[in-house]
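Undergrad: If you want the building blocks of each chain, they are given just below.
There are 2 protein chains.
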Amino acid sequence: MTQNMTWITGSVTAPRGFRAAGVRCGIKSQGKDLALIVSDTPATVAGMFTTNRAAAPCVRYSRHVVEAGTARAIIANSGNANAATGEEGFMDNVRMAQKVAQLLECPPAQVVTASTGIIGHRLPIEKVEKGIEQAMLELSPDGGNAAAEAIMTTDTVPKQEAIRLHLPAGAVHIGGIAKGAGMIAPNMATMLCFLTTDAQIASPALQQVLKDAVERSFHCLTIDSDTSTNDMVVILANGQSGVDVHRYLNDFQMALENLCIRLAQRIARDGEGATKLVEIEVRGAPTFTQARKMAKTVAESPLVKTALFGNDPNWGRVLAAMGRSGVDFDPDRAQIALQGTLVYTEGKPTAFDARELHEQLKTDTVTIVIDLQEGTEHATVWTCDFSYDYVRINAEYHT
Amino acid sequence: MTQNMTWITGSVTAPRGFRAAGVRCGIKSQGKDLALIVSDTPATVAGMFTTNRAAAPCVRYSRHVVEAGTARAIIANSGNANAATGEEGFMDNVRMAQKVAQLLECPPAQVVTASTGIIGHRLPIEKVEKGIEQAMLELSPDGGNAAAEAIMTTDTVPKQEAIRLHLPAGAVHIGGIAKGAGMIAPNMATMLCFLTTDAQIASPALQQVLKDAVERSFHCLTIDSDTSTNDMVVILANGQSGVDVHRYLNDFQMALENLCIRLAQRIARDGEGATKLVEIEVRGAPTFTQARKMAKTVAESPLVKTALFGNDPNWGRVLAAMGRSGVDFDPDRAQIALQGTLVYTEGKPTAFDARELHEQLKTDTVTIVIDLQEGTEHATVWTCDFSYDYVRINAEYHT
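From first to last, the protein sequence lines stand for chains A and B.
Counted from 1, the first sequence has number 396 at position 396 by the working numbering; the numbering is strictly sequential.
Counted from 1, the second sequence has number 1298 at position 298 by the working numbering; the numbering is strictly sequential.
No wet-lab data here; the hints were simulated from the structure.
All C-beta atoms in this analysis are idealised placements derived from N, C-alpha and C, irrespective of residue type, glycine included.
Some hints here could point you the wrong way.
Partial list, computed: chain A residues near chain B (C-beta under 10 angstroms) [what the hints assert, rightly or not]:
hint : residue
1    : G31
2    : T50
3    : E88
4    : P124
5    : R247
6    : Y248
7    : N250
8    : D251
9    : Q253
10   : M254
11   : D328
12   : Q335
13   : I393
Here are some chain A residues the structure puts well away from chain B; computed CB gaps all over 10 angstroms [stated by the list, open to error]:
hint : residue
14   : E67
15   : M91
16   : H246
17   : L319
18   : A320
19   : P331
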């Protein structure tokens, strides 16, 4: 965060000219399950999508929307991923976009679609269409929270953030909602993040800024190393602030990155069965990519994650994960610190007080700092611990 | 298995000219913790070692033994990995080799060393040296079982196999012991496998044959995707059968591969907290490497493994893991079968009976067959399910 940025309340409706709604259309057994975000005017759009080969129809469809560069709305349902549903599933997704387009009187190619939930079941498309009509009626400049609720699956809390960026030409706003919690039972796919901004920015610049922000936020987030069929991050920029940000792209990118990092942290903290947020930083690396690769390997190690669940200062598992990360380093030069205590240096453990550190790990945020002392680059990755509840959530549900 | 191969009882002492012992020297709180395997005559040696950057002294030392090509003995302790122990740890490892060499009257460079257990603690080297003296006294042609016991950490059963290969020139034998169970609490490192054979074979040929056998056995084994600092597979060939196998390398390699596959399956079945062996085969792939890569991604998915613990026919998680494996395939052409039942084809689930399949998954061996219908290559990977006990074993122990 720099001095020209302020956190504000709200989310996707914090920027000017956006309305949202979250309604219940009846896909899930209870709760809101359909979110709609609308820009009053055509917005430039950018997006990042799952690289999963078995990508769902919504991902394949929304990629085209992003390529075309202009969008009016995002429609998203929870409770059903509409993935592995064949040709019929693809047509159901098209119908979702068409219904929104018809009511907004815009081309269906300007409607981003997203689905999250169970794989391999047809979407109850009539219910969704009725839900879209209802959502249109409920669209409101205060609807961000309802939309954040409507995209939740096993998430225990809605996730939203908004930021104001003060530029010489005026203020612009960015807002976002997200859902996560691992790939999520039952077959629940998906990390979704929908972002809005009232900045004036062209689609190619927006795409580049989004890519850079995601690189150091959501791409640094890992719950259980599973990448779903439906993941997407989409941003709409409607220019309603009247502030052209092309001259301030660095500032805009930093604001967006900070917002995305906060959302990523919220997702990690709410990971399935999580009892704590775990922040792993690798410093002194030759490149950012190598730093992130090592941090991710540590973050994805079931042995490290179960140790943290047990509040065990088990640096040996961290070292072993570093060693198998594929990143070249000298184990005799590397250092590991847990909660600010140096536990490993010069190829050996330090004489740290294991009992005291065990007590210090009994908290809701744990930091592991690894210093390779090989270079000047660093990366931070967020994850959560691995508890009985992860197994319960993912084993006890039956498809 | 081909007709010229027979499973026989025993393990590393089944081949002629090998003796072994397993004793208690006092590293672990209870049970045998020191294994010694000796060839009566100098043997050719080959080995495969962990690629972990933080490799333990025993790995660095034994690599040199394998490079030199000749060995008389393998000495292995459990309960302490002698890893991340600095210069002193390296010298402790040398002392282990020296003690064996002194008693066998051979060069220390002919003694393979191995350690498995807790990371970051000095080895009680005096106890180990006394244990080596005791083990020498107990060396026996029936000592294979005791050696298999002495390398166990959280393994619940010793793992051993032996095979006889009938060649036109006579019979040769291969025997092996192994330990596994994931990377294993507390910081317990290591998959270890020690193999012996009375075949006559030169060191380079032995290395190639071992590499090929490991490629389709231990390299197809994954418990929790953690690769330890101490993993090794070593084979001694003493030629005591009088049968030169260079003309029958294919047969010899197949026998060795079959033996290693049985040991790998035993390790998977005894994975930490495992309730079942899971065999994942990918067929119809363009290459073996791609088939194995996809099978491993499925095998390492916590979501797939927790579903199998819950006996849930959750093909959606299998498809999602296939999709993120990095292997190119057409989701509309691929097929997935669980326990012999086709559950996914033509981009959609079949109308299988989920309740019946749920019942069929309540067994100790589960098979998942994925047919990509893209090529003619296939690979099989072994793993286990992911249970509450995995979390318990890995979280409740405190270093």
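Undergrad: Should the hint that N250 of chain A touches chain B count as held when the rule is a Cβ pair under 10 angstroms?
TA: violated, 33 angstroms
Undergrad: With chain B as the partner, please determine if Y248 of chain A meets the hint condition of a C-beta pair closer than 10 angstroms.
TA: Constraint on Y248 of chain A not satisfied, violated at 36 angstroms.
Undergrad: Quick check on the hint: P124 of chain A CB to chain B CB, less than 10 angstroms?
TA: violated, 17 angstroms
Undergrad: Min Cβ distance, R247 of chain A to chain B: is it shorter than 10 angstroms?
TA: Not OK, violated: R247 of chain A not within 10 angstroms of chain B, min 39 angstroms.
Undergrad: Would the least Cβ to Cβ distance between A320 of chain A and chain B come out above 10 angstroms?
TA: Nearest chain B Cβ is 5 angstroms from A320 of chain A, so the label is violated.
Undergrad: Against chain B, does E67 of chain A keep a CB gap of more than 10 angstroms to every residue?
TA: holds, 21 angstroms
Undergrad: When the nearest CB of chain B is found for I393 of chain A, is that gap smaller than 10 angstroms?
TA: Hint holds; I393 of chain A Cβ to chain B Cβ min 8 angstroms, cut 10 angstroms.
Undergrad: How about G31 of chain A: closest beta carbon in chain B under 10 angstroms, or not?
TA: violated, 22 angstroms
Undergrad: Using Cβ atoms only, decide whether D251 of chain A comes closer than 10 angstroms to chain B, and label the hint accordingly.
TA: violated, 34 angstroms
Undergrad: Minimum Cβ separation between M91 of chain A and chain B greater than 10 angstroms?
TA: holds, 13 angstroms
Undergrad: Just want to verify: L319 of chain A was marked as not at the interface with chain B; is every Cβ pair farther apart than 10 angstroms?
TA: violated, 5 angstroms
Undergrad: Does the nearest C-beta of chain B fall within a distance shorter than 10 angstroms of the C-beta of M254 of chain A?
TA: Interface hint status for M254 of chain A: violated (30 angstroms vs cutoff 10 angstroms).
The structure does not agree with the numbered hints 1, 4, 5, 6, 7, 8, 9, 10, 12, 17, 18, 19 stated previously, though it agrees with the rest.
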